[in-house]
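Participant: Given the coordinates of chain X, work out where chain Y should sit on it, guided by the hints.
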Amino acid sequence: MIRLPPFTYLAPGTVDAAARLMAEHGRDAMLVAGGTDLYPNMKRRQFEPKVLVGLRGIRELRGVRGSASGWTIGAATTLSAVTAHPGIARDFPALATAAGLVSSPQLQNMGTIGGNVCVDTRCNYYNQSYEWRKAIGFCMKKDGDICLVAPGSSRCWAVSSSDTAPVLWALGARVRLIGAGGERTVPMPALYRDDGIEYLAKRPDEVVADILLPPAEGWRSAYLKLRRRGSFDFPVLGVAVAARMDGDIVRDARIVLGAVASLPRPAERAAAALVGQRVTRELIARVADLAAGPAKPLDNTDFTHPYRKKMTRVFVARALAAVAGLQNGSAASEEVA
Amino acid sequence: MTKSDFAVIGQPLPKVDAWAKVVGETKYADDLFLPRMVYGKLLRSSHAHARIRSIDTARARAVPGVYAVITGADLPRVKFGILPVSQDEEALCTEKVRMVGDAVAAVAAVDEETAEQACRLIEVDYEPLPALMSVFDALAHPEVRIHEYGDGPNVHKSVALQFGDVDAALTGADLVREDIFFFEGSNHLPMEQHAAVAHWGSDGKLTLWSSTQTPHYVHRLLAKVLDTPAAHIRVIATPVGGGFGGKTEPFAHEIVACQLSKLTGRPVKIALTREEVFYTHRGRHPVLMWIKTGFTKQGDITGCHLRTWLDGGAYGSYGVASTFYTGVINPVTYKMPVYKFEAARIFTNKPPCGPKRGHGTPQPRFALECQLDKAAEQLGLDPAEMRRRIVAEPFSKTANHLTITTIGLSECIDKVVEASGWREKRARSGVQLEPPSPKKSGIGIACSAYLTGAGTAIYWNDMPHSGVVTRADRSGGVAVLCGATDIGQGSDSVLAYLTAEVLGIEPKDVHVHPADTSLTPVDLGSYSSRVTLMCGMAAIQAAERLRTVIFEAVAQRLEVSPTSLVARERKVGVPDDWDRAVPFAKAVELGEAIHGVLAFPGSYAPPKRAGKYKGGGVGPSPCYSYSACVVELTVDEETGQIDLGNVWIAHDVGRALNPLLVEGQVEGSVYMGIGEALMEEQVFRKNLHKQPSMLEYKSPTTLETPEIHTILVETDDPEGPFGAKEAGQGPLLPVIPAIANAIYHALAIRIDEVPITPDKILKALELKRLGRPARVGPVKLPLFTFKEPIVVESAFGQPADAIVKRPFTR
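Protein chains in written order, with my numbering: chain X, 1 to 337; chain Y, 1001 to 1810.
Keep in mind that the hints are not guaranteed to be accurate.
Stated by the list, open to error - Derived lysine-lysine pairs resembling BS3-like cross-links, with alpha carbons at most 30 Å apart: (1) Y:Lys1224 x X:Lys309; (2) X:Lys134 x Y:Lys1374; (3) Y:Lys1608 x Y:Lys1686; (4) Y:Lys1027 x Y:Lys1224; (5) Y:Lys1686 x X:Lys309; (6) Y:Lys1763 x X:Lys309.
These are calculated hints, taken from the structure and not from any lab test.
Here chain X stands alone, though its shape is the one from the complex (with noise of 0.2 Å):
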């Protein structure tokens, strides 16, 4: 058995004291709450924090609450909680589904949003056991200083494999992080960084607090995502499309990919392009092409890096499908898993 190194668990009351302990321990120190991705890296020694401050006991981090002004996601809301909330699958069924994707049922339970956003880049060269690693000789995400699956890289490219933060991207969520000194909120695109390795962009002792979800208003969207099996897998491609729709045209639309890239990338010229027209095959056909283009798979995943690529023009075209209506042949729901 490979076993969880040692550590001193810290349980504050409320996110403001999650914060002030994240300050006092710096680097020493990391957050966790439903802990399914970040025990298993510990286990392998991705991770060797001295501290973690453990998020599971702050009430105010939990539960969905709506207002005119849209929808607040406390960040400690299990994924199960979310997938199953009437009122997301009602106004962001691509959230929904997103969240009801993550592995598997038992992880939903334990899992959080907030976790999820946040989760660690993924690379096949890095998800292996301390000792794996040092045979192949370490890679700069741990250990080491060069880059595996792209050795002239000055850069880490650990891929984003989280399933709702493409969505939340999509749907122009935004984030309240409470810190140290205060807190902010920024929109979704603010809290990543293109980067395999600091692949979140607010300091470390920065809580997400809640996630703030605009209202939906005419808006419908969806999720796909590929990977081997259905029953647990990380996504090797996601495809979050949000449109809103006047009738048959299209007003405005967020195309963003999921796990093609150390971020959520978004096809802006894609998205840019169904703006203003009539949703037809050929249309779908013409953005799907575009949509395809800033997704940028390398060999450090499952699949192949090439069938990655071609699947996003898929996926693509699927998603978009599915939210003008258009089914193309099986349902959408189908195709997810």
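Facilitator: Frame of chain X, contents of chain Y only:
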């Protein structure tokens, strides 16, 4: 006998250990905790191929909580291996490492963390050598030698056998097909990772508890590698949480646990991590195959010539047997009048391959069944009807001198054809689903055969392959002592059912004590689908001997003839005078009063049917099971994703001793076959296993498993216990080619290698669009000269020898 003659046999009873497994009572090896126990860890090589210059353990020894640190220098200098001809392993490598994962040193410490920490402080100075990571690499670099022995540089074993004039048979054929196939390697992926606890007691005797399928072979090998009398070693096989062939030989961690216990004077536990299980391996050989078969216009096979190249990995393991198995079983299904096969197993710097469910036979089965499908299409024949026509004859011999007894393959084919709606669905090739969809549906068929127990032991001897001691006590309970290991297949249950059936008691009255070398008679182990048949026959013999004595005693008391007695409903009596029947416990007392202690042995050895040629010992079996499988699926032409809809599988099991258990074995086999067909691949990158974890090594879960429709066919084989044949391995074989054939039916593309991934589907579709041959598969064969074949006359069509008197029946 007919079904109604049985009380227990044929009943869908739960396994005797079902409740214990479900509620968590079962004690696996890793559940054992002994007083003063310490924990061992192995330091494993980070090089695929290297000479060991030196090992410095000083820093590890200095760690508080460390009890012992050992290297190969602390073990007797003797190499071992499961087969007498391949003694090429060391528990801790002394001169060379041959793969990433080879063990080089070990630590015993107060806990696993400390042991792991100490392992990291051991300094090994390696001199790297070139790593040979494929069959092509290994043959291209004879100057780099992984081992010094074998049939040539990096050639572990090369075999060539010819039965009859194959060239003439192919010349006379209406159609001759030559095809190349590749079957990727895979791991057994048992849920339970290997674990062992060793205790070298203060009395100088050693006890090893281990999750092993072969306690007897481990016992023999421990005596050799530890240089300790076998009489002072006791091996207890703990309940095995999945074996599938991966726990069928002695391993480094078992030997090291014993030595660490000797040095520390404490019990030592070593439990492998999942990553270490991938290094221990002994899984499916990657096999490249060339197959040339001649057919008549009607679809009869005129002759077949098969060549296989096995990627063996770093050690011999069962490899010599595996090499033969890639050739010898194919002729058991269909009429194949002449046959030639050539095979070579090549060493590479990867974890050693060995026996995995189906041992060496799923690969050539994939090749033959895909080729039959291609031939059927060329000949304008229905692939099910063509197979039905060429099914081998019962009680006959094959070209390569194997004896077929019963064969229910025709019935199996009929049943799956009927149940699946084959004819109607087959007529609708590549149908696009409604409403317009990128998905197309297809249906495919394949068949197979597998042995019910290897006809020879791995070491030459004249003793039983399986032994049972059955003891009745005055409570009316019956203890069955047998060396068999229950690896989930249900051998404990089968022993209880058979004993209960013979003695007329309930399975719950039977206490099975398995797999303890100091208590139980030898059974060779849970491999080659041998346990139900061989232990079963021994258990029946022991129970019958017990019953004979009890009947004699009851006959005296009732003043009737023993031949008028029956045992049923926990009583012994005359059927027509059942009121006077004696309760079983009372009958035991009567018997014990006359005979003394009621303990009786039962023994079994398979019929000696080895062909009279070198290599004739691999392949013979008391009888063969048969399976036919139809798979219905859809493929998405845009994504290449395959959705299995239904699997129909009919299996000739001889007799279902417990249909529930047989169905479980069949479903498990189908599930495992699906994994190999669509996902599993033990592959390497930069000399390392690419994904040694349960998350990233892709294998289906129950949620990816389609509806499986199992149909049992009973042929009442004269060789089996109450007519039973195997069920644990054979049903895996046809699933893989049936999937490949169904994909062809859906899309008219051929994927001639497994796993069949979405990527390969799209590649083949692209080739089809370009008007090129719509096939993805291997194209290159190694430059390799097989040795001159041993030429033997074909025995095809000869009648089976009459069943002679069984040994040990005196």
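Participant: The structure should be examined with respect to each hint, and the outcome stated for every one.
Facilitator: Hints and how they fare:
no.	hint	in the structure
1	Y:Lys1224 x X:Lys309	56 Å, violated
2	X:Lys134 x Y:Lys1374	47 Å, violated
3	Y:Lys1608 x Y:Lys1686	47 Å, violated
4	Y:Lys1027 x Y:Lys1224	29 Å, holds
5	Y:Lys1686 x X:Lys309	24 Å, holds
6	Y:Lys1763 x X:Lys309	14 Å, holds
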